[in-house]
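Enquirer: Chains as they are written, first to last, in my numbering: chain B, 18 to 390; chain H, 18 to 390; chain W, 18 to 390; chain S, 18 to 390.
Among these hints, one or two may not hold up.
For chains that are exact copies, the list does not tell them apart, and a pair is met inside one copy or across any two.
Listed below are the simulated DSSO-like cross-link pairs for lysine-lysine, each with C-alpha atoms no more than 27 angstroms apart in a straight line [what the hints assert, rightly or not]:
hint, residue 1, residue 2
1, Lys210, Lys100
2, Lys299, Lys140
3, Lys312, Lys131
4, Lys68, Lys210
5, Lys68, Lys312
6, Lys299, Lys126
7, Lys155, Lys131
8, Lys210, Lys225
9, Lys75, Lys225
10, Lys225, Lys299
Hint data in this document are derived by calculation from the structure and do not stem from the laboratory. Given the structure is predicted, the values throughout are model-derived calculations rather than measurements.
Protein chains: 4
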Amino acid sequence: MVAGVIGAAGYAGAELVRLLAGHPRVRSLSLGSVSLEGGWIQNVYPNFLEKVSYPLEKPEEVVASSDVVFAALPHGVGEPYAKTCLEKGISFIDLSADFRFDADEETFKAWYGKGYAFAGLRKHSVYGLPELNRDRIKTLAAAGPVIIGNPGCYPTGASLGIFPALATGLAAAGTIIVNSASGVTGAGREPQKASHFSECSDSMSPYKVGAHRHCPEISRNIRNMAELFGREAPPLVFTPHLAPMNRGILSTIYIPLADEWQAARADSVSTPRPPSGEIEAKALEIREVYAAFYKDEPFARVLPQGVMASTGRLRQSNFCDISVNLDQGGSMLIVVTAIDNMMKGAAGQAIHNMNIIMGFDETDGIGAIPALF
Amino acid sequence: MVAGVIGAAGYAGAELVRLLAGHPRVRSLSLGSVSLEGGWIQNVYPNFLEKVSYPLEKPEEVVASSDVVFAALPHGVGEPYAKTCLEKGISFIDLSADFRFDADEETFKAWYGKGYAFAGLRKHSVYGLPELNRDRIKTLAAAGPVIIGNPGCYPTGASLGIFPALATGLAAAGTIIVNSASGVTGAGREPQKASHFSECSDSMSPYKVGAHRHCPEISRNIRNMAELFGREAPPLVFTPHLAPMNRGILSTIYIPLADEWQAARADSVSTPRPPSGEIEAKALEIREVYAAFYKDEPFARVLPQGVMASTGRLRQSNFCDISVNLDQGGSMLIVVTAIDNMMKGAAGQAIHNMNIIMGFDETDGIGAIPALF
Amino acid sequence: MVAGVIGAAGYAGAELVRLLAGHPRVRSLSLGSVSLEGGWIQNVYPNFLEKVSYPLEKPEEVVASSDVVFAALPHGVGEPYAKTCLEKGISFIDLSADFRFDADEETFKAWYGKGYAFAGLRKHSVYGLPELNRDRIKTLAAAGPVIIGNPGCYPTGASLGIFPALATGLAAAGTIIVNSASGVTGAGREPQKASHFSECSDSMSPYKVGAHRHCPEISRNIRNMAELFGREAPPLVFTPHLAPMNRGILSTIYIPLADEWQAARADSVSTPRPPSGEIEAKALEIREVYAAFYKDEPFARVLPQGVMASTGRLRQSNFCDISVNLDQGGSMLIVVTAIDNMMKGAAGQAIHNMNIIMGFDETDGIGAIPALF
Amino acid sequence: MVAGVIGAAGYAGAELVRLLAGHPRVRSLSLGSVSLEGGWIQNVYPNFLEKVSYPLEKPEEVVASSDVVFAALPHGVGEPYAKTCLEKGISFIDLSADFRFDADEETFKAWYGKGYAFAGLRKHSVYGLPELNRDRIKTLAAAGPVIIGNPGCYPTGASLGIFPALATGLAAAGTIIVNSASGVTGAGREPQKASHFSECSDSMSPYKVGAHRHCPEISRNIRNMAELFGREAPPLVFTPHLAPMNRGILSTIYIPLADEWQAARADSVSTPRPPSGEIEAKALEIREVYAAFYKDEPFARVLPQGVMASTGRLRQSNFCDISVNLDQGGSMLIVVTAIDNMMKGAAGQAIHNMNIIMGFDETDGIGAIPALF
């Protein structure tokens, strides 16, 4: 099989190249780049020297020569290629936001500033979060070529930390808060002030507080999962931060617990006390709920109690690590998830989607053992 | 004046030495260390060579030769020195937790595992957060020698972000969530797995979720400030994280807004929309409330709207930077504070307390312009 | 095949586990740890959870159940296991220094402080730098079980940068200087002051100047390669540094050029001038000499002219990247090599040795495409 | 006194602002920026908020309103301002390369690509390395306004490590090698690929090998110092590297020792041995030569034997730390110097020059105690 990558010269594109070049079911690649057309991928990324060697061609040529096409393009420019792929009869896996909102063009327009070029394509598209939509992806793929709206990085880690609480009724109706910290690769390959080493190293800060495009995506995922289980979707507050590291997103998620899941408070004192045995037992019980929810998922790893999710333990892995905790008062569930933003948060998940569409083993090409450093 | 430092060989102690050696009202230092007694501070910290040169003596000798004593000791061992200082008639500024809980020995015991050695000392002690207790510090100091319970690092940044909302009625009764990330100097000088470079660099993770000793301290500060203004204290959830940087604590604080302060939601759609002009106006209005609250404080810096608090902009400064934001729904106040954990979070604040006690200019010795990198 | 790892709980051991667990010719592992015996590897390194699960057993049990044994132990304690392996008829790949000096016990003793336990084992041992000793490794392995003295991390990167210059007569008789910077994983898993984040992050410094144990190892490699080609071995100066990064060693190597290889100086001016076209042409010519020397080596990657060796481009790869440069005067060859110290500098090279001994494809299990970040 | 800074919005300019705003002899500042004219310095660098507040004006206005002018401009554009300053009768301290090469326009042209605009200005200019040229600076300043060619960052650390060896005859005639690693602030404020966090963090690499503009500057310094003491100047090889840190340059300098200074080799073995007592004694002896050479210098700090120069120990200090070592063979002097590239390597040294010209105490405004982290 030939896998095509449009936008191969960006960070997500190059990560796709790395993974696809080692994928057991992919025979060769076809790479496209508008800005670097005419060059070679191994000259743009010398880490590929002597391992991966492909010219960077026009996107149209990539579509023509591929059996599946990945697009790692800016938002709002890839729809024509999606259309051509469908017409040619091959699937299109889009890492931009263009297909993440399905038919809800209004929300897309509100956050991304322009409408859909070919709105009708959404009849063939599905939001590619396997833990939410695996069945829809499979059903659609069984019927013909499909367009995947590959999820955003923050929404992936946030949603996986919230889903079990929604599905099982752990979550009360109160606002869910997602506090996330991302590594700098999330800012992409283009140098800019925010990702200039001297500005961001050895420092932490938030950005786009109350105004990040991934907020409506997480919110929509919450609503969809809640609907699946006949529950009401709680409101969401989301704050992204930039952390001085390369890969990884850590999301600390605060979910008010439904009354029946709260551990009894030590109400006689108003000042917090260290967690009681009862609280620890309740946390463990909730951890088991999470583990049961994800028991068949290859990439959602619910950690043993006491092991905290840590981005450094996941580099270059497609896992989403999940640790389940309670606050000392017993009424707030604190779920912490970690992903590699370039893997489960981008290229790895895109290949997961390809594996599902193509009927490959879901872990093909993305099953690497997480490295130590 | 001679300033004494017990525990001078630890990180907080050495930062005290650096600051006191440059303090315009301090003539000389007297340094103590139990573990390194007999050595010299400039051999332990070669950055001091040719600038600071003092022997490390027994704590008793430091008390005997000083006009004020700072203690940067482990929790639970400094009370005898505090007692001796009072008897000698000099003030004692304690960077441990021993005097942070005033007469509430039960809470101290619950979190630190042992009771007070000399409970009666609390008649002479005060929690040294100037923005909360300046008047009490001054009153007590006017009456004789005083013991300062210098605040913990997380509680300083968290409390300063919450106080104006409590004092002015911005905060509703709902749970306040403090999500903090600390640099690794907060872990102190003793090598350990969590602060081993290969384990913590290029990585983020939480620790002691729902179980950190600074939780009851923040909670008590909230209660005290609420009481001052006749309001009810909201519950608190606090989660600390370790970030791959040296200095700094960033605290992202979620405060549910009282109804009258909420910006109108765009209720017709359930999916979040980018912040409206009304929300931006409301955020600016709340920012002015914060700025007014701190207008006479030398170290609380409320940032202009749109400038985000960032730990990298505060290194070696005693400022607490505060940025004020609203979520896109208009009902949650998101305050972000940044401090240098070794300065406003430890040694700088301790010297601020000394300045207040001694009647010096409050910024003496701790007024450095924040460096760029 | 069962691969055994003694000392599996250290960093090099755990990296061996990660690689061997993904090795296509290894059926299962047997892991040993003295200090953590009774535990499980995935509890010591939670990155292994759901991917690798083995108990940590006594070293003797590992030897008993394995078909080949890797030892990642401190220097001077592994010889008895090597002896047992030979007696049992299986090969022993030692990552300590115990077998790096062959029969030269004097040098070993001078630098490591103790003599050999079983000196006679050196009849069956070989220094496992494939680019130097592949034939000897194969010959010895053909005759029976073999002991590999797996090279030190610095000596690997340094030697590969020097070999072609020695072999081809590029090097004059003058002193070769190796200036190396290592990531902190090289200091191992045990927390200590030098690898404490607050001490080493955002900072560079040298250590053991003129006194590092890898100096005699590099020097001996130089001598052996020079002898192979009937040349005199030049003297060596070696300085290691600690750099604030996790993986990687960058070695900048200064080799005085033999007269016939020098580019003509612009002798009319004593002040340096930018490199002339002639110097650039000569540098390219020498680059071709290097490329030819390594043309059949799977892990020595001579970079195109103008592409500089960079440790960040090699993370988790077994490549040694080599860039070839001339100083602006045309008389000094400046070779820069980069390796991942845990891969080509330790575990990767050990598995390369296993592949050679066992007759596997040399890249089996260690052929990963270098990641971008 | 009013101090003017042209190019105040760049990193070196902003560091000048930070230092001058705290300088005891400077009453106020006048700041200029071509690209950000009309803005305010505290909006460009929010770390200055509430501490430093100045508009960014046209360079001509800065010259008109100042008593001394610093220029932190790109190479080749500042000469007209220097000319105007001289005409106005005030001194001009230039942080670009324009005045570093004195009358040697040929060398400047060869490396910087253009000639001098007003060559005659060099009659009034002096290379501002106080440890080399203090007397000339003072003599020139006594006669009227002066132009300072403030040294490059690498040349400062490199030259200070070499000078004592040249002056005292320690150095033989052989090539001196300077291997330097710089923090990323050295690349300036403009985002670019080399300083993009994802490209340079957690990684080391060299750049401009054999082709860096600071090579002729170091070489000229060597020649000038050698001439002062009637010695021959040895050739130079210089290699810069980029290290993943903010501030700091570490230079490891290899100086072949004159025969009479060599410690006796252990000639009976060709393989290196750990340093003998004789070598350690000789290293200490040479350390005393260095200490004596710099005994009156306020910013050259020769470290005690066994303490290694480390950039992390010098952040925001104007010191140049120097450690003196011998290789294990006793014939190569290995001097390691560390500076803060923004201080002694740029803005700090510029202010040192101002202090000398103006007759202030040389440490005024730049005497901060080095911080711990």
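Enquirer: Now look at each hint and say whether the structure bears it out.
Expert: Tested hints:
For the homomeric pair Lys210 and Lys100, neither the shortest alpha-carbon distance inside one copy (36 angstroms) nor that between copies (34 angstroms) is at most 27 angstroms. Within a single copy, Lys299 and Lys140 get their C-alpha atoms no closer than 44 angstroms, and across copies no closer than 40 angstroms, so neither meets the 27 angstroms cut-off. Proximity of Lys312 and Lys131 under a CA criterion of 27 angstroms is satisfied in neither setting, with 40 angstroms inside one chain copy and 43 angstroms between copies. In this assembly of identical chains, Lys68 and Lys210 lie within 27 angstroms of each other by CA distance solely across copies; the values are 23 angstroms between and 33 angstroms within a copy.
Only between protomers do Lys68 and Lys312 lie at most 27 angstroms apart by alpha-carbon distance; the minimum there is 14 angstroms, versus 36 angstroms within a single protomer. Taking the shortest Cα distances, Lys299 and Lys126 sit within 27 angstroms of each other only across copies (24 angstroms), while inside one copy they are farther apart (43 angstroms). With identical chains, the CA atoms of Lys155 and Lys131 are never at most 27 angstroms apart, being 30 angstroms at best within one copy and 60 angstroms at best between copies. Proximity of Lys210 and Lys225 under a CA criterion of 27 angstroms is satisfied in both settings, with 15 angstroms inside one chain copy and 24 angstroms between copies.
In this assembly of identical chains, the alpha carbons of Lys75 and Lys225 never lie at most 27 angstroms apart, being 34 angstroms within a copy and 33 angstroms across copies at closest. In the homo-oligomer, the alpha carbons of Lys225 and Lys299 lie at most 27 angstroms apart only across protomers (17 angstroms), although the nearest pairing inside one protomer, at 35 angstroms, exceeds that limit.
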